[in-house]
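*Asks:* This is what each chain is made of:
Number of protein chains: 2
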Amino acid sequence: MGYGGRVARTALTPRTAAAALDAADPLAGFRDRFALGDEGRIYVDGNSLGPLAHDARAALAARIDEWRDRLVTGWNDWVEAPAAVGDRLAGAALGAAPGQVIVSDSTTVNLYKLAGGALDARPGAVVADASDFPTDRYVLQGLAQRAGRELRMLETDPIAGPQPADVEAACAGGAALVVLSAVNYRSGAFARMAEITAAGHEAGALVLWDLCHAAGAVEVDLDAVGADLAVGCTYKYLNAGPGSPALLYVRSGLQRELRSPIWGWFSQEDQFAMGPSYRPVAGMGRFLAGTPPILALAAVDAGAAMLADAGLARVRAKAAALTSLAVDLHDERLAPLGFSLGTPREPERRGAHVSFRHPDAWRICRALIERADVIPDFRAPDSIRFGLAPLYTRHVDVWDAIDRLAGIVDSGEHAAMDDAPRRVT
Amino acid sequence: MGYGGRVARTALTPRTAAAALDAADPLAGFRDRFALGDEGRIYVDGNSLGPLAHDARAALAARIDEWRDRLVTGWNDWVEAPAAVGDRLAGAALGAAPGQVIVSDSTTVNLYKLAGGALDARPGAVVADASDFPTDRYVLQGLAQRAGRELRMLETDPIAGPQPADVEAACAGGAALVVLSAVNYRSGAFARMAEITAAGHEAGALVLWDLCHAAGAVEVDLDAVGADLAVGCTYKYLNAGPGSPALLYVRSGLQRELRSPIWGWFSQEDQFAMGPSYRPVAGMGRFLAGTPPILALAAVDAGAAMLADAGLARVRAKAAALTSLAVDLHDERLAPLGFSLGTPREPERRGAHVSFRHPDAWRICRALIERADVIPDFRAPDSIRFGLAPLYTRHVDVWDAIDRLAGIVDSGEHAAMDDAPRRVT
Numbered sequence: 002m003g004y005g006g007r008v009a010r011t012a013l014t015p016r017t018a019a020a021a022l023d024a025a026d027p028l029a030g031f032r033d034r035f036a037l038g039d040e041g042r043i044y045v046d047g048n049s050l051g052p053l054a055h056d057a058r059a060a061l062a063a064r065i066d067e068w069r070d071r072l073v074t075g076w077n078d079w080v081e082a083p084a085a086v087g088d089r090l091a092g093a094a095l096g097a098a099p100g101q102v103i104v105s106d107s108t109t110v111n112l113y114k115l116a117g118g119a120l121d122a123r124p125g126a127v128v129a130d131a132s133d134f135p136t137d138r139y140v141l142q143g144l145a146q147r148a149g150r151e152l153r154m155l156e157t158d159p160i161a162g163p164q165p166a167d168v169e170a171a172c173a174g175g176a177a178l179v180v181l182s183a184v185n186y187r188s189g190a191f192a193r194m195a196e197i198t199a200a201g202h203e204a205g206a207l208v209l210w211d212l213c214h215a216a217g218a219v220e221v222d223l224d225a226v227g228a229d230l231a232v233g234c235t236y237k238y239l240n241a242g243p244g245s246p247a248l249l250y251v252r253s254g255l256q257r258e259l260r261s262p263i264w265g266w267f268s269q270e271d272q273f274a275m276g277p278s279y280r281p282v283a284g285m286g287r288f289l290a291g292t293p294p295i296l297a298l299a300a301v302d303a304g305a306a307m308l309a310d311a312g313l314a315r316v317r318a319k320a321a322a323l324t325s326l327a328v329d330l331h332d333e334r335l336a337p338l339g340f341s342l343g344t345p346r347e348p349e350r351r352g353a354h355v356s357f358r359h360p361d362a363w364r365i366c367r368a369l370i371e372r373a374d375v376i377p378d379f380r381a382p383d384s385i386r387f388g389l390a391p392l393y394t395r396h397v398d399v400w401d402a403i404d405r406l407a408g409i410v411d412s413g414e415h416a417a418m419d420d421a422p423r424r425v426t
Numbered sequence: 002m003g004y005g006g007r008v009a010r011t012a013l014t015p016r017t018a019a020a021a022l023d024a025a026d027p028l029a030g031f032r033d034r035f036a037l038g039d040e041g042r043i044y045v046d047g048n049s050l051g052p053l054a055h056d057a058r059a060a061l062a063a064r065i066d067e068w069r070d071r072l073v074t075g076w077n078d079w080v081e082a083p084a085a086v087g088d089r090l091a092g093a094a095l096g097a098a099p100g101q102v103i104v105s106d107s108t109t110v111n112l113y114k115l116a117g118g119a120l121d122a123r124p125g126a127v128v129a130d131a132s133d134f135p136t137d138r139y140v141l142q143g144l145a146q147r148a149g150r151e152l153r154m155l156e157t158d159p160i161a162g163p164q165p166a167d168v169e170a171a172c173a174g175g176a177a178l179v180v181l182s183a184v185n186y187r188s189g190a191f192a193r194m195a196e197i198t199a200a201g202h203e204a205g206a207l208v209l210w211d212l213c214h215a216a217g218a219v220e221v222d223l224d225a226v227g228a229d230l231a232v233g234c235t236y237k238y239l240n241a242g243p244g245s246p247a248l249l250y251v252r253s254g255l256q257r258e259l260r261s262p263i264w265g266w267f268s269q270e271d272q273f274a275m276g277p278s279y280r281p282v283a284g285m286g287r288f289l290a291g292t293p294p295i296l297a298l299a300a301v302d303a304g305a306a307m308l309a310d311a312g313l314a315r316v317r318a319k320a321a322a323l324t325s326l327a328v329d330l331h332d333e334r335l336a337p338l339g340f341s342l343g344t345p346r347e348p349e350r351r352g353a354h355v356s357f358r359h360p361d362a363w364r365i366c367r368a369l370i371e372r373a374d375v376i377p378d379f380r381a382p383d384s385i386r387f388g389l390a391p392l393y394t395r396h397v398d399v400w401d402a403i404d405r406l407a408g409i410v411d412s413g414e415h416a417a418m419d420d421a422p423r424r425v426t
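In order, the protein sequence lines correspond to chains G and C. So in this note's numbering, the last one in the first sequence is 426, and the numbering has no gaps at all. So in this note's numbering, the last one in the second sequence is 426, and the numbering has no gaps at all.
Treat the hints as calculated values from the structure; they're not laboratory data. In this text, a Cβ means the ideal position worked out from N, Cα and C, and glycines have one as well. Any given hint could turn out to be false.
Said to hold, decoys possible - A few chain G residues that don't get close to chain C, going by computed Cβ distances all over 12 angstroms:
#1 G117
#2 G125
#3 A309
To be verified - In silico contact screen, one side only, chain C against chain G (beta carbon under 7 angstroms); selected entries:
#4 T17
#5 A18
#6 L28
#7 A29
#8 R32
#9 A36
#10 Y44
#11 L50
#12 H55
#13 A59
#14 W68
#15 T108
#16 Q142
#17 I263
#18 W264
#19 L296
Bound-form chain G, shown alone (with noise of 0.2 angstroms):
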């Protein structure tokens, strides 16, 4: 390759190609509804917490207003507020009909109360992946535990993704549950999703999505692939605020045969009477524990706006131009300087993240930050994760964090940063 320190610096594909990229972009506007702050910075997380939006601000103030103004007579209409929310996320970024999706809780409890109903609901294993992110792993261990269930994880690489004749393989003999990520935490793989829910119903499974890096990154299709289940969360490309509510999917056939294994009053039959006995309101309803987080389901519900208004068909465009610039750029840029893409290649199998990965990741990251001030963020052993959130990210950002990047790799300067991971990012 021969590339030197000063070649580093005069890349093949120019910035202005990228400005070019940009000039034509049909989302270009929308970077305005954010509020960026410093524009030296460039911030390349928004996969792990989406930035804050003018509209969630107001929608939050807004929100603020109506409980100092209605009290506890608000609750005559928040009480919808999971089922509102969840409805319209359903349309802007799930491809779910109405009356699937509520919004409420964390990912983490509503994993466990879908796949703790899923297990309630059919015999045999379960099969999950240990390429995906931990808690689901984790939620899923205690589950089967609990329930005297096998556990069988697949090992996916993390690039390919899983392929529907592994899931097959992994429920010979029957399985009560797959639970699979549509985009790969690390990686940023897009998993071939009508297949592999094919191959998990072939076997008699229950197929559950976990959305978190898919929801507003990529078209999912819920109802089109035949998902039976899904969570996720809305803080990642909903940018609805750290730690915001999660969503939750149940396929309208299957809500009447699944419940909750929390039983909670906001999913109870004709909740105000608080008769005696738990009993299950029919719909959604049912996968709902306590009470919902109102002030934060205004921001969730503003993500969803805005993304709707963006269009998922655009979203999905332009994550597939910011990855791909970024894949070359990686291999223009990086690849001489020791670095290996830990992303598929192909536009139509990524999310909106990619994944370099280099064996000093973690001071290289450190340095990103402290010296160049750039935002990505790092995971075990040696990703640095570059989320390329569609509604904000420019062309030009991408190849000034590359840049960076490089520079910063080139330079040697992350040598001198603390290599003892004790952080978030």
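Use these hints to put chain C onto chain G, whose structure you have.
*Replies:* Just chain C now, with coordinates in the frame of chain G:
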């Protein structure tokens, strides 16, 4: 008694007596710290949803700014928020030393986590009370059914509250867990926490207190009474907003022995190592589950801080004074109109709300809201609750609210109201 329509207008306790109590109230200044709006409205439902405080609004705005400015790097501090807010709340309202309280999830989910953990740790039955809030019994019905445990329901007289002897009898033959409310949601009865906890311990049971109507209303003293576990909400007397996250207490000596049935990544040892197998962290962190609600926690913190400013002893004294005034006025103004008191008469056995019972309670409640601008709430079958939150309720508010209530019933205005209870309040 011989009260007629006109006589009800001349109370034995005059409004000036209430005004004199306000003039001497050391907490009087706290009212200005709330955004109570329309001076004509009297809000006596703070035991369901506390009003917006200026500090809560400011804390939420500051946290939103922090999200905007720090983005994902904010998590380096936010990860501590559930414990930090918990410690503040523990000191301000719960009589608990640091390291025993966290705030996250809903009361329902927290009860599920702790009661589920308790059933894994102890053999035997579950004892609860049919007069307590429904979500508690629903959660326990689900857990008991799954674990094959007997659920023994006390049928406590709500006004008398649960008695140590009844708990002892219900625990006969051994019990795993006793779950009771410190303050009854309908009657406001304040349980004899120390004696009941001792009775439960005598039988080998863990004792879990639901503090929803107690936190910020009475001196709870969890450590002193020897409580094992507690849960409770923060949207009542902590004024943290609709659906704000709930508290969870585990006695320090018990933390190592118990684990949550929900195995989530926020309870994992060395969380960001994202190791393959679940291993709960030592300490309270093991009772977290998914990503905590960072924005909402700011309002809980503000509520706990305001309570700390006020001082729980003064709050408690004012609660006793306000509810005593309400009881006196009930006897003078409401009893002659067919009401009966649904609340203990001894101030030390009450929380901060009172309950007036009347066969036509629903319609009276509607008329009071729609015609008299007094906002209480209704609890089936026949109770109108007046929450008299000490931080912002004046003695004249109690006087005026009961005056308007008497006026409604005296004039028969409520008879025209719709009698179908379809609303939250």
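*Asks:* Does each hint fit the structure? Answer for all of them.
*Replies:* Hints, one by one, checked against the model:
1. G117: violated (9 angstroms)
2. G125: holds (19 angstroms)
3. A309: Per Cβ check, G:A309 is outside 12 angstroms of chain C; nearest 22 angstroms; holds.
4. T17: violated (28 angstroms)
5. A18: Status violated, d = 28 angstroms.
6. L28: violated (20 angstroms)
7. A29: Violated, because the Cβ-Cβ distance from C:A29 to chain G comes to roughly 21 angstroms (cut-off 7 angstroms).
8. R32: This interface hint is violated because 15 angstroms lies over the 7 angstroms limit.
9. A36: holds (5 angstroms)
10. Y44: Holds, about 6 angstroms.
11. L50: C:L50 check passes; min Cβ-Cβ to chain G is 4 angstroms, inside 7 angstroms.
12. H55: Violated, about 10 angstroms.
13. A59: Violated, because the Cβ-Cβ distance from C:A59 to chain G comes to roughly 11 angstroms (cut-off 7 angstroms).
14. W68: holds (5 angstroms)
15. T108: The hint holds - C:T108 has a Cβ within 7 angstroms of chain G, the shortest such distance being about 5 angstroms.
16. Q142: Given a least distance of 5 angstroms, the restraint on C:Q142 holds.
17. I263: Hint on C:I263: holds, closest Cβ of chain G at ~5 angstroms, below 7 angstroms.
18. W264: holds (4 angstroms)
19. L296: Since chain G brings a Cβ to about 5 angstroms from C:L296, closer than 7 angstroms, the hint holds.
Against the hints set out earlier in the document, violations occur for numbers 1, 4, 5, 6, 7, 8, 12 and 13.
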